[in-house]
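In the order they appear, the protein sequences are chains B, R and A. Start counting the first sequence at 1; every next residue gets the next number (the working numbering). Start counting the second sequence at 1; every next residue gets the next number (the working numbering). Start counting the third sequence at 1; every next residue gets the next number (the working numbering).
Some hints could be false.
[To be verified] Reference listing, derived: stretches of chain B covered by chain A, where coverage requires no fewer than 3 residues with Cβ under 8 Å from a Cβ of chain A:
id: 1; segment: 100-108
id: 2; segment: 180-193
[Stated by the list, open to error] Keeping only pairs whose Cα atoms sit at most 16 Å apart, straight-line, the calculated EDC-like set for lysine to aspartate or glutamate is:
id: 3; chain 1: R; residue 1: K72; chain 2: R; residue 2: E165
id: 4; chain 1: R; residue 1: K187; chain 2: R; residue 2: D54
id: 5; chain 1: R; residue 1: K330; chain 2: B; residue 2: E115
id: 6; chain 1: R; residue 1: K330; chain 2: B; residue 2: D292
id: 7; chain 1: A; residue 1: K401; chain 2: A; residue 2: E25
id: 8; chain 1: R; residue 1: K278; chain 2: R; residue 2: E351
id: 9; chain 1: R; residue 1: K330; chain 2: B; residue 2: E290
id: 10; chain 1: B; residue 1: K359; chain 2: B; residue 2: D234
id: 11; chain 1: R; residue 1: K231; chain 2: B; residue 2: E332
id: 12; chain 1: A; residue 1: K310; chain 2: R; residue 2: E53
id: 13; chain 1: R; residue 1: K259; chain 2: R; residue 2: E321
id: 14; chain 1: R; residue 1: K183; chain 2: R; residue 2: E165
id: 15; chain 1: B; residue 1: K157; chain 2: B; residue 2: D199
id: 16; chain 1: B; residue 1: K183; chain 2: R; residue 2: E335
id: 17; chain 1: R; residue 1: K173; chain 2: B; residue 2: D199
id: 18; chain 1: R; residue 1: K187; chain 2: B; residue 2: E343
id: 19; chain 1: A; residue 1: K368; chain 2: A; residue 2: D104
id: 20; chain 1: B; residue 1: K159; chain 2: B; residue 2: D3
id: 21; chain 1: R; residue 1: K183; chain 2: R; residue 2: E30
id: 22; chain 1: A; residue 1: K310; chain 2: R; residue 2: D134
id: 23; chain 1: B; residue 1: K279; chain 2: B; residue 2: E250
id: 24; chain 1: R; residue 1: K278; chain 2: R; residue 2: E321
id: 25; chain 1: B; residue 1: K96; chain 2: B; residue 2: D64
id: 26; chain 1: B; residue 1: K110; chain 2: B; residue 2: E133
id: 27; chain 1: R; residue 1: K119; chain 2: R; residue 2: D100
id: 28; chain 1: R; residue 1: K183; chain 2: B; residue 2: E343
id: 29; chain 1: A; residue 1: K491; chain 2: B; residue 2: E100
id: 30; chain 1: A; residue 1: K462; chain 2: A; residue 2: E411
id: 31; chain 1: B; residue 1: K157; chain 2: B; residue 2: E343
id: 32; chain 1: R; residue 1: K72; chain 2: R; residue 2: D100
id: 33; chain 1: R; residue 1: K183; chain 2: R; residue 2: D208
id: 34; chain 1: A; residue 1: K401; chain 2: A; residue 2: E411
id: 35; chain 1: R; residue 1: K231; chain 2: B; residue 2: E165
These are computed hints drawn from the structure, not numbers from a lab. C-beta atoms are modelled at their ideal positions from N, C-alpha and C, and glycine is treated no differently.
The chain contents come next:
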Amino acid sequence: MADVRLENLAAVFGTHRVFEGFTLTIRDGECFTLLGPSGCGKTVVMRMIAGFEHPSAGEVFIGDRLVSSAAKKVHVPTESRHIGVVFQDYAVWPHKRVLENVVYPLQIQKVPAAEARARTLEAIAQVHLGGLEDRYPSQLSGGQQQRVALARALVSKPKIMLLDEPLSNLDANLREEMRFEIKDLQRRTGVTILYVTHDQEVALAISDRIGIMSGDGSLRRIGDPHEIYTNPGDGFVFNFLGVANFIPVERRNGAVHIQGSDLPLQVEISPAARDRIAKGEVVAACRPFEIDLVRDGGATRGVVRRRVFLGPIVTYFITVGAVEIRAQQEAEEAFRGGRALEEGEACGLTFQALRWYDKASVGKEA
Amino acid sequence: MAHVILRDVTKRFGQVVAVDRLTLTIERGECLSLLGPSGCGKTTTLRMLAGFEDLDEGEILVGDRVISSRLKNFYLPPEKRDFGMVFQAFAVWPHLSVFDNVAFPLQIRGLSRSEIQEKTTKALTYTGLLDARDSFPNELSGGQKQRIALARSISFNPTVMLLDEPLSNLDPKMREVMRFEIKELQKRFNFTIIYVTHDQAEAMALSDRIVVMDFGALIQQDDTPVNVYLKPANKFVFSFIGLSNFLAVEVADGRVFLKGARDAGPVTAVVPPHAPGKPPTLACRPGEIEMVPTRGVRGVVTRRVLLGDIIDYRVGIGPTEVRVQRNVRKPMWSEGDPCSLVFSALHWYDESGARVPIS
Amino acid sequence: MVRQGQRREGGLTITGTDRKFGIAEILLIFSVLVLVIVVAVPIVLIFWNAVVVDGGLNIAGVVKVLSEPDVFQAVVNSLVIAFAVTVVSTVLGVLFAWLVSRTDLPFKETMKLLFLVPFMLPSFIGAIAWKMLLSPRAGLVNKWLMGLFGLEQPLFNIYSLGGIIAVESMYLFPFVFIQVSGALERMDPTLEESARISGAGLVTITRRVTLPLMLPSIAAGALLVALYSLAHFGVPAVLGTEAGIFNIPTLIYQKIYASGGRFEAIRAGTILSSILVMAAALILYAQNLILMAGRFQVIAGKSVRPMLLKLRGLKYPLLILSIVYIAITVLLPTITIFLVALLRTYGLSFSLENMTLHNITYILFTMKLTKDAIWNSFYLSLAAALVTMLVGTLISYVIVKMRVRGKFLLEFLGLLPFSVPGTVIALGVILMWSGKFGVNLYNTAWIILVAYIARYMAFALKSTSAALEQVGDSLEEAARACGASHWQAMKDVVLPLIKPGMVAAFFLIFLPALRELTTSVLLYGPTTRTIGVAIYALNEDGETVYAAALSAVALIIIIVGHWVIKRVTGTTEIGGGGS
């Protein structure tokens with residue numbers, strides 16, 4: 001097992017600049033997720049670690065070994081890096097049976113046949129595919145093929161495993177099942193994992209740490225899932241990790257109002273925040289479930305423009321001044337508890353938590 | 001006022017009965033969803049409504065006019081039914097501009113040039129496509145192509161709109177946007193919508209009424225979205241809509257316990273009627289279970305997963321594992337912590353899947 | 001075939017392959033050299049020879065040659081024939097495609113197969129059969145009709161422009177048929193259903209939706225027909241030469257053989273060739289434009305049943321019409337060939353005592369001309385198929401998988417022969433390999449081999465490129481991640497997966513090369529006749545029964561060959577379709 005160190009990695013090809021100055025250490029034995037929108041360069045980072053791409057600057061270390069360096073003209077080829085890779089499209093070879101797919105790395109390493117077969121069957125059992133060794137990939141479902149890919153990546157006991165959006169082609173139920181399997185496998189084998197995805201749910205569910213990349217290729221935030229979720233640090237991360245309300249505010253007669261609303265906002269605001277509000281630098285942000293809805297009273301008032309019932313929760317789109325705010329109630333509370341609001345009804349909103357983020361950091365849609 | 005009526009409609013493909021004696025009434029101005037798993041017969045039903053398929057039995061009426069009848073061997077051809085229809089893969093014609101696509105039905109109906117111009121412009125305006133009128137479909141995104149399909153089907157003011165999984169080829173954000181737009185259009189024009197989907201969130205968000213179907217287009221429940229969610233008629237509906245726990249129970253001393261976990265404490269003292277020794281299955285939603293330190297059924301947290309807004313727990317109680325979802329705002333539990341569960345909304349289903357009501 | 005794995009733009013990586021320095025460059029240079037020598041130089045020589053005389057540009061000479069009456073007439077004939085054949089083929093192709101794909105015509109699958117038979121059979125053999133049936137004096141059908149109606153003059157004269165056009169159309173319409181029926185069957189039916197629910201009846205739908213969307217396929221097929229007709233030697237040679245009707249390929253042949261290789265004749269040949277190439281290039285360009293404009297994504301994702309038109313009263317009349325058509329255009333000539341092949345002497349009536357297997361055994365085991373021809377065709381086609389398959393795979397790998405600067409050159413050179421007719425390649429190969437660069441292959445089998453390789457390289461490239469594109473980059477990368485070197489990955493992953501494509505490429509070239517005439521007729525020497533040349537020569541010499549016998553044998557070989565292909569390519573698809 002090894003750690004992975006990326007120092008000042010850059011991917012600049014002619015006029016096409018993907019990222020620069022990318023520095024990151026993935027700790028030995030951890031499950032690290034690189035999370036970001038499509039096209040941000042996270043896959044390129046993974047491919048550089050794998051050796052499929054050459055960095056235009058910077059260095060890649062696996063364990064203590066320098067495997068890629070543009071300046072020193074070092075490039076250890078992929079096959080010598082002792083890694084396991086799982087691709088988004090599984091990349092299971094259609095002309096080989098399951099057993100032949102999984103045993104391949106051991107054959108390349110010239111492991112004696114008996115031992116190779118034993119280890120292969122063990123790997124196949126680990127991913128719960130026992131009994132299917134003689135099938136061809138075309139006879140397997142998507143989830144089963146993905147497990148073949150996993151077994152194949154693990155069988156040679158690699159130092160690190162790289163997974164590139166391995167679950168995006170599976171349906172929702174299977175995705176849930178498979179992400180737990182990946183996590184369990186990692187716990188049992190202790191292999192270091194770099195998981196690359198744009199799906200924040202998976203990232204939050206399985207990672208020891210998450211690194212969030214924005215569309216311009218910069219690493220915005222690194223931390224453990226709970227910490228990142230509760231303290232996103234900026235508007236971009238906040239928006240990426242879940243549904244977000246960004247509420248522009250204005251100062252009127254010394255009080256803070258939601259833009260266009262005649263009622264002053266009745267919440268605790270720190271002096272520092274007040275200061276920044278005065279300078280017009282920040283927007284308020286909160287999640288839909290951080291707003292309590294009442295019929296009378298509330299920290300501010302608004303009108304229900306639309307109500308959408310989706311099952312477990314009821315979502316409300318409420319107009320407050322010039323702003324539309326998304327709030328929700330649990331279905332049970334709304335309908336059984338009689339607290340549901342009708343479209344067109346006036347209501348009160350009380351904010352449980354309001355954050356303040358730089359307007360600039362909100363940036364583009366994740 | 002009854003607008004579209006299906007009576008004993010049946011369709012067979014070889015040995016397979018795709019639609020089995022379906023009887024359904026849709027009111028004027030209603031948005032009704034046919035919701036069910038792939039292959040349950042909902043699309044076949046829609047195609048029979050459109051006139052693309054014959055009936056093996058039964059009849060279909062609009063108002064008091066028969067449009068499909070097996071008995072009379074009469075089928076009004078699709079082109080004469082005056083329905084609007086939107087397909088899953090959009091079906092907009094790539095060789096015609098957006099304007100010509102939308103104007104097509106009006107041209108067929110032989111309207112005057114100025115009328116065509118007026119109605120097409122209106123339809124384009126309502127769907128936000130006016131600026132794109134001279135573009136061609138291949139220059140536009142999936143969401144916009146679907147809007148073209150919508151505009152084309154409303155341009156001639158139909159009274160009935162048939163939608164066949166129209167949003168499944170769009171990405172999640174676009175789906176949400178289009179849901180609203182379809183709803184807005186319906187409010188404005190007051191047409192009757194028959195909507196086919198396998199996505200329960202979509203059905204819930206859009207419909208006045210949901211018809212949940214199983215294979216053979218057999219109706220499992222026909223009710224408002226709220227009722228379908230809060231009072232599922234049977235096990236099939238319960239599990240199809242939203243997340244579910246199905247828990248085996250045992251009854252002792254007039255109280256209900258989770259099977260094999262009598263010492264964990266009772267789930268409830270309200271015992272559902274049942275044959276001796278054969279208690280019904282307890283069904284409850286992960287989001288409707290309260291996690292508290294002591295008062296409820298005692299267990300241990302075996303897994304905790306952060307899903308963003310929601311924390312997903314598995315709680316082991318005896319041999320059973322119960323799934324609980326709580327909002328991230330609420331106090332958190334760690335794996336290995338003892339905890340207890342309070343079950344509020346309990347649903348009971350017997351071994352055939354039928355709902356067991358509590359008096 | 002379902003796509004396996006992901007493809008990345010530009011090949012395996014965006015930063016460049018991590019290869020041993022230079023191998024990709026070496027492969028590129030090698031590939032370019034091969035294509036230049038085999039393909040480009042002959043064509044350049046043609047144009048050079050056409051316009052350059054004694055070291056100087058001589059356009060006036062070009063004009064003079066073109067205004068000679070026979071040259072001018074040949075050009076006009078080529079255009080007229082090509083135009084007429086295209087029109088007739090298009091009408092036939094669209095009609096039958098529509099019948100087979102969009103109506104409830106019974107026995108559709110069988111009809112589809114039968115309509116495709118002309119594709120398999122060499123058209124010049126068909127021309128010979130039609131000669132036997134409709135020649136003015138001795139044609140069997142003519143004689144029968146004259147007897148039946150008591151006529152003085154024969155009703156049909158196959159030795160005419162009309163005859164050439166009719167026979168060519170019979171054999172070329174499958175191009176349009178295949179394109180249009182394929183497109184009709186793959187078309188998303190909801191495109192028509194949405195028109196229907198919008199209020200349009202079937203006629204309006206066909207006019208405003210189906211036909212416009214089919215236009216790219218129809219045009220693609222039609223242009224292919226035009227291309228083939230312009231470049232075609234066999235039918236005009238058999239049916240036109242007697243009546244003095246020449247098209248460009250037959251005139252080139254005539255001039256070169258009649259003159260014995262004199263300069264003026266060669267010059268006329270190259271000038272005519274240049275016109276052919278330019279016309280062909282124009283056609284391919286037009287086809288490209290139409291395919292680009294056909295950005296119409298009409299293919300359905302799921303497999304769905306298209307809307308079928310109920311023919312009702314017309315059903316059986318149209319079925320009979322189709323059967324009669326097939327009977328006349330496919331069965332009649334084929335049966336004629338076989339029957340004549342069994343006749344003791346041509347002109348005898350078809351009765352059992354006049355039948356014998358002697359002709360067949362004679363041409364197979366005794367007659368030197370035919371024995372040599374069969375042997376030559378087999379080993380030349382085999383060699384050509386093997387070489388193009390192997391070289392084609394290599395070149396395709398560079399184009400599809402490697403990222404090196406300059407590979408667009410390969411793509412261009414590879415596609416060049418598509419627009420160059422067989423006659424022109426033959427001429428170019430003559431110019432290049434008859435001592436000009438120190439190598440004289442004229443009159444040897446080698447020159448035919450070189451011409452075949454030049455002619456068919458483009459087809460091999462297309463087939464192997466397609467196979468390589470099906471192998472996603474991630475499949476190779478997965479092997480690398482498992483510890484395999486670049487070469488091991490190629491051997492263990494890529495090669496097994498493209499084998500079916502390579503085999504397909506092999507047969508795609510082997511069979512057409514086996515039966516071709518257009519190229520070898522200009523290149524053969526006394527001992528290097530091919531099957532096509534032998535049949536043609538026997539026919540020209542009046543040895544009709546032997547010509548028929550060899551034709552019959554050729555037809556059998558071709559049919560067996562096609563059956564073998566189906567078996568082989570059918571069973572080599574192991575576990576295909578990964579996702």
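Structure-based check of all given hints:
no., hint, in the structure
1, 100-108, "holds (count 3)"
2, 180-193, "violated (count 0)"
3, K72/R <-> E165/R, "violated, 31 Å"
4, K187/R <-> D54/R, "violated, 32 Å"
5, K330/R <-> E115/B, "violated, 51 Å"
6, K330/R <-> D292/B, "holds, 14 Å"
7, K401/A <-> E25/A, "holds, 13 Å"
8, K278/R <-> E351/R, "holds, 9 Å"
9, K330/R <-> E290/B, "holds, 11 Å"
10, K359/B <-> D234/B, "holds, 9 Å"
11, K231/R <-> E332/B, "holds, 11 Å"
12, K310/A <-> E53/R, "holds, 14 Å"
13, K259/R <-> E321/R, "holds, 11 Å"
14, K183/R <-> E165/R, "holds, 15 Å"
15, K157/B <-> D199/B, "violated, 27 Å"
16, K183/B <-> E335/R, "holds, 15 Å"
17, K173/R <-> D199/B, "holds, 14 Å"
18, K187/R <-> E343/B, "holds, 13 Å"
19, K368/A <-> D104/A, "violated, 53 Å"
20, K159/B <-> D3/B, "holds, 8 Å"
21, K183/R <-> E30/R, "holds, 11 Å"
22, K310/A <-> D134/R, "violated, 37 Å"
23, K279/B <-> E250/B, "holds, 10 Å"
24, K278/R <-> E321/R, "violated, 21 Å"
25, K96/B <-> D64/B, "violated, 35 Å"
26, K110/B <-> E133/B, "violated, 21 Å"
27, K119/R <-> D100/R, "holds, 12 Å"
28, K183/R <-> E343/B, "holds, 14 Å"
29, K491/A <-> E100/B, "holds, 15 Å"
30, K462/A <-> E411/A, "holds, 10 Å"
31, K157/B <-> E343/B, "violated, 59 Å"
32, K72/R <-> D100/R, "violated, 38 Å"
33, K183/R <-> D208/R, "holds, 10 Å"
34, K401/A <-> E411/A, "holds, 13 Å"
35, K231/R <-> E165/B, "violated, 38 Å"
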